[in-house]
Amino acid sequence: MKELDPQHLFYDSPYPVKLDDGEYIFRTDHDIVYAVSFKPEPFFDPIPAYWFDLMNRSGMASPSDPKVRETVIRIIVEFFRANPDIMLYLCDSANDQQAMRNRLFLRWFTGAEQSKLFFFKSEMVVDEGMENFIAIIVPRSHPYLDDIIKHFDSEISMFRANKP
Amino acid sequence: METKKLQFTSKPGTFIDSIRAYREYKKEWRARMEVKLTKMEEQIQRAKEDPFFKMETL
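Protein sequences appear in the order of chains S and E.
The opening position of the first sequence corresponds to residue 1 in my numbering, with each subsequent residue numbered one higher.
The opening position of the second sequence corresponds to residue 1001 in my numbering, with each subsequent residue numbered one higher.
By construction, these hints were calculated from the structure, which means they are not laboratory data.
Only a predicted model underlies this, so the values are computations on that prediction, with no experimental measurement involved.
Note that CB positions come from ideal geometry on N, CA and C, so glycine has one too.
Check the hints yourself; a few may be wrong.
In silico negatives: residues of chain S with every beta carbon more than 12 Å from chain E [said to hold, decoys possible]: (1) Phe10; (2) Arg27; (3) Lys39; (4) Phe44; (5) Ala49; (6) Glu70; (7) Leu90; (8) Glu113; (9) Asp147; (10) Glu155.
Reference listing, derived: stretches of chain S covered by chain E, where coverage requires no fewer than 3 residues with Cβ under 8 Å from a Cβ of chain E [unchecked claim]: (11) 18-24; (12) 71-85.
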């Protein structure tokens, strides 16, 4: 994965973002530290794909803060500027809050500006008794957008069809 | 110019294995982070009680 532009992340983001040991870190006005990381996923090879992860590192409940959303979107936009391929997101299942996290992520990503730039799709599959909300985000300008989405849809359908 | 047909190299039906592997990775990462946070809290507490206590970098 190509590193994100540190200048843009530090100066153009509501909260300055720094790269720290492979994670993109920012601290909010409420003194909560968030870490964003990207993990490679080979399934879409030869198209590069990465799992996006957002973690609250402070272990404290986060109050509603629109600057967090804006900062995360800035990181994602910078991610796609450097790596214009596939991003995947699996909602964290901690405290069984995955459905709520999925709704929040959907709301962040269905904003007018984001919709113009990115194709976004979220699906739910039940595996091992657990709901898994999986989102795929691909730039609308991607030359293989249709193939990527077909590949994703086919896997989701196959998984659902094979479930007892 | 027409785009060349894309051939994915992964075997059909294996995306769920990726999801499971990633779910495990997230679980382990969270557990590691909790240990780290607990150690940090302990260190902060010790630093508050003992002005000569030197904080380690975790």
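State the violated hints by number, sorted upward, taking the hints as numbered earlier in the document. Hints 3, 4, 5, 7, 9, 10, 11, 12 contradicted; others consistent.
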